[in-house]
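So the protein lines, in turn, are chains A and B.
First residue of the first sequence? That's 0 in numbering that gives the first Met the number 0, and the numbers climb one at a time after it.
First residue of the second sequence? That's 0 in numbering that gives the first Met the number 0, and the numbers climb one at a time after it.
If you are wondering where the hints come from, they were derived from the structure by calculation, not from laboratory data.
Just so it is clear, CB atoms sit at the ideal spot from N, CA and C, and this is done for glycine as well.
Among the hints, a few may not be true.
[Stated by the list, open to error] Cut-off 20 Å, straight-line C-alpha distance, at most; resulting in silico cross-link-like pairs (EDC-like, lysine to aspartate or glutamate):
no.	chain 1	residue 1	chain 2	residue 2
1	A	Lys174	A	Glu203
2	A	Lys215	A	Asp56
3	B	Lys197	A	Glu137
4	A	Lys171	A	Asp123
5	A	Lys215	A	Asp53
6	B	Lys197	A	Asp132
[Said to hold, decoys possible] Covered by chain B, per the in silico footprint, the following chain A stretches (three or more residues, Cβ under 8 Å):
no.	stretch
7	13 to 24
8	99 to 109
9	230 to 243
Okay, here's what each chain looks like letter by letter:
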Amino acid sequence: MAGHVSIHNVSRRFGAFAALNDVSLDIPAGELVALLGPSGSGKTTLLRIIAGLDFPDSGQVLINGEDNVARHPRERGVGFVFQHYALFRHMTVAGNVAFGLQVRPRGQRPSKAEIKARVAALLDLVQLGWLADRYPIELSGGQRQRVALARALAIEPRLLLLDEPFGALDTKVRKELGQWLRDLHHGQAITSLLVTHDQAEALELADRIVLMSQGKVEQIGTPAELYTRPASPFVLEFLGEANRIPCVIGEGGLALLAVSGHALAQSVEPGQAFASPGAVLTLYVRPHDLVLEARSDGPAVVRAIKVAGAFAKIELMLGELALTALTPLHRLPSLHLQEGSRARLIAAQGMSFSAAGAGGSVQFEAPRALVMA
Amino acid sequence: MQMASAKCVGLRRQGGVVNVIMITVALLFMVLFLLLPLITVFAQAFAGGISGYVASIVDPNTLSAIWLTLIVAAVALVVNVVFGLAASWCLARFRFPGRLALLTVLDLPFSVSPVVAGLMLVLLYGRQGWLGPWLEAHNLKIIFALPGMMIATIFVTLPFIARELIPLMEEQGADEEEAAILLGASGWQMFWRITIPKLRWGLLYGVLLSNARAMGEFGAVSVVSGNILGLTDTMSLDVKALYDGYNIVGSFAVASLLASLALVTLIAKTVLERQFLGRSTKEEVSA
Ligand SMILES: Nc1ncnc2c1ncn2[C@@H]1O[C@H](COP(=O)(O)OP(=O)(O)OP(=O)(O)O)[C@@H](O)[C@H]1O
Ligand SMILES: [Mg+2]
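This is chain B alone, in the form it adopts within the complex (with noise of 0.2 Å):
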């Protein structure tokens, strides 16, 4: 800290011109390409007053887009945790042959355009897809329903929380796992006790991450939920829906309702990320 602060006094003393118009591109591309968009959508949102706002949101159909949202974000959510633990604990803790494989394949979603993870579904789970006619004489549906969006919003934030946890299981070592296994833990003991009051700070900065993300999600999920109104519209759906339906109030306040969203996670991001940082390099030491 001392270091980083007496290198800026530097700096700010040497810099000059340099400085000045740095700062300035700065400033500028931030108010232009982040500040003034996020006002916009509050400033459109409440462009019909309070009441006009207050009358988008509980519309019905909007009503249905935020709870579907957060059931589709809610789902993501519990497999991630489940799965991010489990991979990571294999891949972190495990050297075995296609480990390697297995970590890159982890990336896929991150490298995947959304669009093309949603076709990809579709062409697996759709009518004439794979698993189509074999789907269709059961009866489940999963493309333009529900099942279809949780299968995407899961594929696009899958590796949010293994990402974060594998490096993190990895520095750690499992020095106290076994520790506790020798004073006489079982193995269910030692996960709750010990693994996971370990890795809390990783997990939940991972949690956060993620459902951002799915909360977000547009592209892979416009694919395959089909967009009918009122049934498979999350809310960043629904947003596009009421914009190309002339009702900008409305579309703006269904998104000045997902940028607040996005703000919140932000800020508990940032406020995480203090705790996480000044923890894990105290927490580092000690190990």
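Chain A on its own, in the form it takes in the complex (with noise of 0.2 Å):
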């Protein structure tokens, strides 16, 4: 039976620092959780309070209901994938895997032969099959991180923590273990918390996904949901790149904040009214909701353009701010811009959070687009 997981105001301090402050947090048992976040936000803490390797100074973490810290690790079923392996350096690879399985009390243990083929069957299952006898020192950093998965899952468990478990490996193999990982979950057997640095993959995997910042919980929410509405600043430019475009609510509505002198903007009506009028706020853009027109008399001015993959990024000045736009390439010739061209800007879309970064958000969709002209 998968784990469900229900974390209540844990904190954790080290010393004067709060590394967890004050997260509640609930995991449905059979889901994939991607724990998301930068250096030092706590993902690690978080991680090892949930396995029982740390203790919270106060909040309870319980697994179906029981509270974790009264168990025994071996009837916790958690399944560790440590953010750097901790394999078991005097064993090889075979032996990690094995190990989980030796270490069981008589009764429960498997055969030797039963054990022998479990290991052959993971270590085919992470591709590791012909490096069974070799020890961690030889071994790249990408099959250490395999085999740490196939010794974590060795022991069946309802829960699978990783932290950063496909961090050294490349992005090809990388896909592969996380829809593996992905497919884990369609028998429901198994719930996991995913800690990663690569938001994509976090988009892409995971069926909720928890962003982390100093020790606190941002916001949970699908991929989808932390996409178009995310609950704030932080959040929005961690899921990917936006331009911050200084604005004012004018009379009418929201403006462009004047840029070299006069203003550039025409107002539109905010979604929303969430700030007085004369308040200073700023307007995030995706760079690709930001839509250029070739305008010899536009106020933009085109700096750079870079082809990345099946992109063209667009860096631009507007006045003194710098901006950037992305359009896929195939577009790039339609668009007759080159370096030093003048071009109009239009916002497909935008998000504007109010100064006390309490929920409210502007979404200027078409047809009512901010148009930079």
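Mind docking these for me? Both chains are given alone in their own frames, and the hints should help you get the complex.
The following block contains the structure:
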């Protein structure tokens, strides 16, 4: 039975430093949840507390309704893939994977032949069968990560905690293993919490994303929710690039803040009034929401055009404001833009947050696009 | 390695006179202070021929000294291993108030002269010592007896293993132990299957060092043993006793045995060092 994890108001301090600050989180059984956040935000600390390797100063961690601390690790059924692998250096790859089965009490221990077969199957799964007799020192970083994964899976955990398990892998293997981890969840036999730095990976694999910052949960939601309705500028900027455009609330609605002396934008009506006229705020526009039209009298100047894969990245100056736009490569010729050409900008969609940071975000969706002309 | 040898080549070409002087001085000192004395020991030991040598060794007093040395060293070894593991476990794995003080105290046997160490034991356990009356009342004899010699040897060799293990444990961290626990290992299984194998080279190295010291210890043991011939004489004490009694051949025969033990230890240490260094640098990468 997969584990249902509920974390209630967990705090953990190291000296005066709060590594976790009142974290509450619910991970339903069978879900694959990605834990995302900048370095030092407390991801590993949270994972260790869920596993029972560390203890909260206050708060509670329940797995299937039971307090984790009370149970022996053997009965917790937690598989842990350490950020730095933590492979047993004096054991072969096969020995590492077999360990969890070999240390079971006699009654529950599979026979030697069974263990051997299980280990072989697991190593095939992570495509390392041919390295079974090597020692960890003789493996590449990516191979070590896969051994760590196989070792954690050997005990058939109901909860899998993965601390950046794919960090050292190349994109192809990373995608394969990610997909494979995804598939593991179709049977609903396992719950996973996956720490990752890679927001693309989180958006693609996870049922839900937990975004952390400075020991706090910033937002919890499905990848789509986090991407389209971020709760704060931090979330918005963490999940992909965004242009910051300073604006002021004008009489008729939102206006682009004066750049080089004169107002460049025509006013548009915000979707929702959340600040009083005259208030200054920042409008966030993702590069792919910034549409360009070549105009000799346009306010923006193209500084550089860089091709990155399927997209072209266009760097612009709007007065003193540097902006980035992203356009599919095949559409670049039809834009008739070169370095130095002038353009008019249309923000097809944008977001803003009230000064208090609370809730209010505005979306400028077509046809009420923000035109900077 | 390549860098080092390249450097040597450079020096060899440019060093000239300095090289010649340095090498001569080093060789001279090695021969004068290390090699010649060692040769003398063996030469003197065999001055009376093989039969004289064997006769001095099979002397009951000498045999008893050898036996005593081995017993004392063995007991000290067991205590040192247990203490070394426990102390390094506490000091390397946990941070607590007074930890630094403990680390300093651990070095005490290194900095205190062995004779002073022996005297401290006499002051504590001797007839006039703090615990003397109580020991006497319970008919326990420590000073001028085997227990005292064991305690003295343990005192001077105590830090060797712990000092070897603490940095090793700190460098290795506890990740593997944590992984073992989460995989379902009991504390006992974790200790025997993970911790001990991880530390094995350092442990063996510490064992050799402390053992060499235990067998060769003179000062502390001399103070607490009372030099009762055939009863509380270790090999080191025996060498001096025989020498003082003008039994030169006997004295050097025992000394040659001790020297041989030391040589074997040194060779074992060198072999281990190679293994250990090679391993630990490689293992560090995987950790
Ligand atoms: N044992 C410890 N003692 C003191 N501070 C600690 C300890 N463990 C973690 N911290 C601090 O707590 C904070 C959170 O650490 P944590 O390892 O959870 O970060 P993380 O989100 O996993 O970062 P990364 O993505 O770099 O792995 C960091 O600032 C770290 O310095
Ligand atoms: Mg981490």
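Going down the list of hints, with the structure as the test:
In summary, the hint linking Lys174(A) to Glu203(A) is supported, as the alpha carbons are separated by about 10 Å, within the 20 Å threshold. Restraint check for Lys215(A) and Asp56(A): satisfied, since their Cα atoms lie roughly 15 Å apart, inside the 20 Å limit. For the proposed pair Lys197(B) and Glu137(A), the alpha carbon gap of about 17 Å is at most 20 Å, so the pair holds. With a CA separation close to 17 Å, the supplied pair Lys171(A) and Asp123(A) stays within the 20 Å bound.
Restraint check for Lys215(A) and Asp53(A): the C-alpha separation of about 18 Å stays at or below 20 Å, so the hint holds. Simply put, Lys197(B) and Asp132(A) have alpha-carbon atoms about 18 Å apart, close enough for the 20 Å limit, and the pair holds. As drawn, the stretch 13 to 24 of chain A meets chain B at 0 residues by the rule of a beta-carbon pair under 8 Å; below three, the given contact is violated. With 3 residues bearing a CB less than 8 Å from a CB of chain B, the stretch 99 to 109 of chain A meets the requirement of three and the coverage assertion stands.
Only residues whose C-beta sits within less than 8 Å of a C-beta in chain B count toward coverage, and the stretch 230 to 243 of chain A has 0 of them, not enough to reach three; the restraint is violated.
Of the numbered hints stated above, those contradicted by the structure are hints 7 and 9, listed in ascending order.
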